[in-house]
Amino acid sequence: MSPSHPAPTTGPDGDGAACPLLEMRSVNAHYGAVHALIDVNLAIYEGELVCLLGGNASGKSTTLKTLLGMLKPTSGEVVLDGEVVNDKPTGYRVARGVTMVPENRRLFKRLTVRENLDLGAYLRSDSQQVAADMERVFELFPRVKERLNQKSGTLSGGEQQMVAIGRALMARPRVLLMDEPSMGLAPALVQQNFELIQQIHQAGLTVFMVEQNANMALSIADRGWVLQTGRVVLDDTAENLLAHPDLQASYLGTAEQPNPIEGPSLSEALDAIRREERY
Amino acid sequence: MTGSASVAGSAVPTRPEALSAPPRPAFSHDWRRIARIGAIAALGQMFIALSNMPVRLDERLVVKPVLSLGYLVLLFLPVAVGYRHGHQTVREGVPVSRPGLHEVVGGFSCGLLAGGGLSVLAVLLAHFDLREPLVNWSPILLDLLAFGNNTWFAAVIWLVIGAGLGAAGGAVRLLGPVSRRAVVTMALAVAGAAVLESLVVDLAEGMGLEALADRLYARRGGVNWNSALGLAGVCGVLAVIGRGRLRHARLRHAELQGTKRTRANAALIALTAAALIVLPLFAGKLTNELLANVGLFVLLALGLNVVVGLAGILDLGYVAFFAVGSYCAAVLTAATSPRITPEMPWLVALVVVVVITGLVGLFIGAPVIRMRGDYLAIVTLGFGEIIRLLFLSDWLSGWFGGAQGITKIPAAGIFGLTEVSGTDPRRVFYLVLVFCALAVYVSWRLERSRLGRAWMAVREDETVAEAMGINTVNVKLMAFVVGAVLGSFSGAIFAAKVGSVFPASFLILVSIVILVVVIFGGMGNIVGVIAGAAVLIGVLGGPKQPGLLVEFSEFKLLIYGALLIWMMLARPAGLIPSVRRTRELHQHEMAQDAWLQGQVDDEDEGKEARSSTAAARR
Ligand SMILES: Nc1ncnc2c1ncn2[C@@H]1O[C@H](COP(=O)(O)OP(=O)(O)OP(=O)(O)O)[C@@H](O)[C@H]1O
Ligand SMILES: [Mg+2]
Numbered sequence: 018m019s020p021s022h023p024a025p026t027t028g029p030d031g032d033g034a035a036c037p038l039l040e041m042r043s044v045n046a047h048y049g050a051v052h053a054l055i056d057v058n059l060a061i062y063e064g065e066l067v068c069l070l071g072g073n074a075s076g077k078s079t080t081l082k083t084l085l086g087m088l089k090p091t092s093g094e095v096v097l098d099g100e101v102v103n104d105k106p107t108g109y110r111v112a113r114g115v116t117m118v119p120e121n122r123r124l125f126k127r128l129t130v131r132e133n134l135d136l137g138a139y140l141r142s143d144s145q146q147v148a149a150d151m152e153r154v155f156e157l158f159p160r161v162k163e164r165l166n167q168k169s170g171t172l173s174g175g176e177q178q179m180v181a182i183g184r185a186l187m188a189r190p191r192v193l194l195m196d197e198p199s200m201g202l203a204p205a206l207v208q209q210n211f212e213l214i215q216q217i218h219q220a221g222l223t224v225f226m227v228e229q230n231a232n233m234a235l236s237i238a239d240r241g242w243v244l245q246t247g248r249v250v251l252d253d254t255a256e257n258l259l260a261h262p263d264l265q266a267s268y269l270g271t272a273e274q275p276n277p278i279e280g281p282s283l284s285e286a287l288d289a290i291r292r293e294e295r296y
Numbered sequence: 218m219t220g221s222a223s224v225a226g227s228a229v230p231t232r233p234e235a236l237s238a239p240p241r242p243a244f245s246h247d248w249r250r251i252a253r254i255g256a257i258a259a260l261g262q263m264f265i266a267l268s269n270m271p272v273r274l275d276e277r278l279v280v281k282p283v284l285s286l287g288y289l290v291l292l293f294l295p296v297a298v299g300y301r302h303g304h305q306t307v308r309e310g311v312p313v314s315r316p317g318l319h320e321v322v323g324g325f326s327c328g329l330l331a332g333g334g335l336s337v338l339a340v341l342l343a344h345f346d347l348r349e350p351l352v353n354w355s356p357i358l359l360d361l362l363a364f365g366n367n368t369w370f371a372a373v374i375w376l377v378i379g380a381g382l383g384a385a386g387g388a389v390r391l392l393g394p395v396s397r398r399a400v401v402t403m404a405l406a407v408a409g410a411a412v413l414e415s416l417v418v419d420l421a422e423g424m425g426l427e428a429l430a431d432r433l434y435a436r437r438g439g440v441n442w443n444s445a446l447g448l449a450g451v452c453g454v455l456a457v458i459g460r461g462r463l464r465h466a467r468l469r470h471a472e473l474q475g476t477k478r479t480r481a482n483a484a485l486i487a488l489t490a491a492a493l494i495v496l497p498l499f500a501g502k503l504t505n506e507l508l509a510n511v512g513l514f515v516l517l518a519l520g521l522n523v524v525v526g527l528a529g530i531l532d533l534g535y536v537a538f539f540a541v542g543s544y545c546a547a548v549l550t551a552a553t554s555p556r557i558t559p560e561m562p563w564l565v566a567l568v569v570v571v572v573i574t575g576l577v578g579l580f581i582g583a584p585v586i587r588m589r590g591d592y593l594a595i596v597t598l599g600f601g602e603i604i605r606l607l608f609l610s611d612w613l614s615g616w617f618g619g620a621q622g623i624t625k626i627p628a629a630g631i632f633g634l635t636e637v638s639g640t641d642p643r644r645v646f647y648l649v650l651v652f653c654a655l656a657v658y659v660s661w662r663l664e665r666s667r668l669g670r671a672w673m674a675v676r677e678d679e680t681v682a683e684a685m686g687i688n689t690v691n692v693k694l695m696a697f698v699v700g701a702v703l704g705s706f707s708g709a710i711f712a713a714k715v716g717s718v719f720p721a722s723f724l725i726l727v728s729i730v731i732l733v734v735v736i737f738g739g740m741g742n743i744v745g746v747i748a749g750a751a752v753l754i755g756v757l758g759g760p761k762q763p764g765l766l767v768e769f770s771e772f773k774l775l776i777y778g779a780l781l782i783w784m785m786l787a788r789p790a791g792l793i794p795s796v797r798r799t800r801e802l803h804q805h806e807m808a809q810d811a812w813l814q815g816q817v818d819d820e821d822e823g824k825e826a827r828s829s830t831a832a833a834r835r
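Chains S and U are the protein sequences, given in the same order.
Going from the first sequence to the working numbering is simple: count from 1 and add 17.
Going from the second sequence to the working numbering is simple: count from 1 and add 217.
Just so you know, the hints here were simulated from the structure itself, not pulled from any lab data.
Any given hint could be a false lead.
To be verified - Which residues of chain U face chain S? A partial, calculated answer using Cβ under 10 Å: (1) R249; (2) R250; (3) I378; (4) G381; (5) R676; (6) D678.
As the list claims (entries may be wrong) - Just the calculated beta-carbon pair ranges, DEER-fashion: (7) U:H304 / S:P106: 33 to 39 Å; (8) U:H470 / S:F155: 28 to 34 Å; (9) S:E163 / U:G475: 33 to 39 Å.
Ideal Cβ positions, reconstructed from N, Cα and C, are used throughout, including at glycine.
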């Protein structure tokens, strides 16, 4: 860890003197009758890179929505920088540094890349700073600069990811919430994507990411939680989680299963298809 | 691997190859396609005939003795299908074959079938009487189809006409770009002259050019045939000489940057404004009336454009704001409305109108904007009707006069300088013009503002917009309020112009017409919306207001519908698409164009922009 930000020792097992940047205290959340979050406790400290793991429909996206204020908790508290923000709208939290990269990137497809980036800075009025931040995004992603006037819906998946992150950075976040950043990316890009997240983190940003790709996520994260049908079932450091037998048994292994189709037969099939096409 | 590479290589034809593509043999056709197109056209022809358009429109001459509007609607379809049939199959951006005799034969066949529809109809008309279900089944129609001769003449002549026109339509495909442009210009010039007849005659009289009008138009309507030929000739020659200079100029304008662009735009705006200010001085009452009506709808369409085009809220009850504006102005200014006794001057009333309509916008908007998509549209539809029913109700008749409405609304006084009322449509037009200018300016500024950006974000993805910190509820409410206020201007002027307001003036049809104008012109595009209003309201007419083609008034809705369908199929972005919409709908073609011009490497931004504007022009 670079010394520019506090070491993750300020975590739950640390001295506890530092106050978490973003925190959930026994939060319950409902969608109508669906009890989506049950007594969830989370604390994210300044400078950490932490992840939330869990299977489908376990409530990961719901957690992010609740942190950002798009869903009101039915009980419990969401605390931002020591202030209970349960009743504050999303805009208030965004203005104080909580920003989300939504699931599946969700760019404004019919707007240009530039317009997307501008919208990321929607709440900011310091136009000079915004321009400087835009330059920083370009430094981070030179490709984004090339595509500035292209409609974002026509970008490739990887490029869309860059714009989505760039758009979030334009808000000058203190903590970046990322919902399944590697979803829908090619295996080669997934690796690159995690490196990118690490890079952003090392530049001084607190990152809270939601992932299904647990091995990858834990390999870069400091700490993590595992969510199961709305409950936090594990809360530990990344190493311990990686070694945890329950986690290994439940779903960590799936990422490393070999391709069910064997090499030669696949290429044979492709060859056959090519021959057909040529005819 | 090498095999697949060579396949890819040979699949990419180069440009010279494409030019030397062989013409298709004249008689090798996809006959099923021809049968399908022909059958659709034949049914279309029968439908047009039985809609009674030909009989009703026979009065209006397009070209003095030879062509009436009634016949024109029957001749249109064969040409269209003949042309449409020749549509080239384009594979990988390159036409498969060169146009040749093939197109003419195909067009001939399609046209033959289309004409055949009328032949069959003529025979049926003569031998059966189906007036019971088909009210327009009349001997007059038969007489018209037979050109006054007997039935068999009709049957044969329509086959001949159909085939001839279809072949002509197909033959247009053979023309080179220059001659094709000339032909199209000639046809448009004559059609334009015929459509604009009353306007041109009126203006010519105002400017003391009666002689010119007399030369061009026959006494009882229609372009003189010799003038039509002359006009076509002159325009054809001009088109050949002009050789797309206009298009060039437009492209150049689209490429301008920075101050040059601003200056060019300012010049264009100044020119348009000058024309709009000067022309009405020469125009008579009818023309000014028409212009004023168009202006009222431009105002309404600009307002709805903010709601639908920018914020993406499909409001089907927009007439509510028009109605509230009208009624408010009426109640506040008319002496006949019992409740509010000190009658306000119109301008003072306008301020109150704006406030009240804004509040009504908030009031209607608050429940509505919490819904999305289809539900929202249906609820707005309901609110539109509720407002009208409130004005109609006995309960509020003390205020709004129930079905009798409010009459004797005084003229709108402007600072004691003039009085604007329906008796002098020129003044109404100028008043409308001022408000239109205001609306254009407001829309233009809003589109580029922070609020405009938030509207676009909400239109694209409401959830993410919220995650960006945009207060989606407020932003959508703002769209409703801005739309409502712009609509209320139109309403307030309408009340002063007509002098009376009735609930029956604010039917749901008005909402639909305004929406059609916005969609037809090009959603989210100010110029497009204005053009849409000019074409639809000016030529075809508004819900109650006659347009240039007065004869069309009873078929107005039919034509609106047909135009809308055609629009969705052929130009989904609207008459004048906004650059944004074009990008979104034709991305595929643009990529193709870029590829054809060997400009795929997108390092060169300027070139790409040029090719995309080229695509946008098409
Ligand atoms: N808007 C909603 N209305 C009703 N129920 C919802 C809504 N959004 C989510 N849910 C339910 O809440 C539960 C948790 O959903 P959530 O989206 O948080 O899951 P997730 O962990 O993000 O899953 P995934 O990995 O598939 O994205 C699910 O059972 C889901 O059906
Ligand atoms: Mg999710």
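Hint check results:
no.	hint	in the structure
1	R249	26 Å, violated
2	R250	26 Å, violated
3	I378	46 Å, violated
4	G381	44 Å, violated
5	R676	8 Å, holds
6	D678	6 Å, holds
7	U:H304 / S:P106: 33 to 39 Å	53 Å, violated
8	U:H470 / S:F155: 28 to 34 Å	30 Å, holds
9	S:E163 / U:G475: 33 to 39 Å	22 Å, violated
Checked against the numbered hints above, the structure breaks hints 1, 2, 3, 4, 7, 9 and satisfies the rest.
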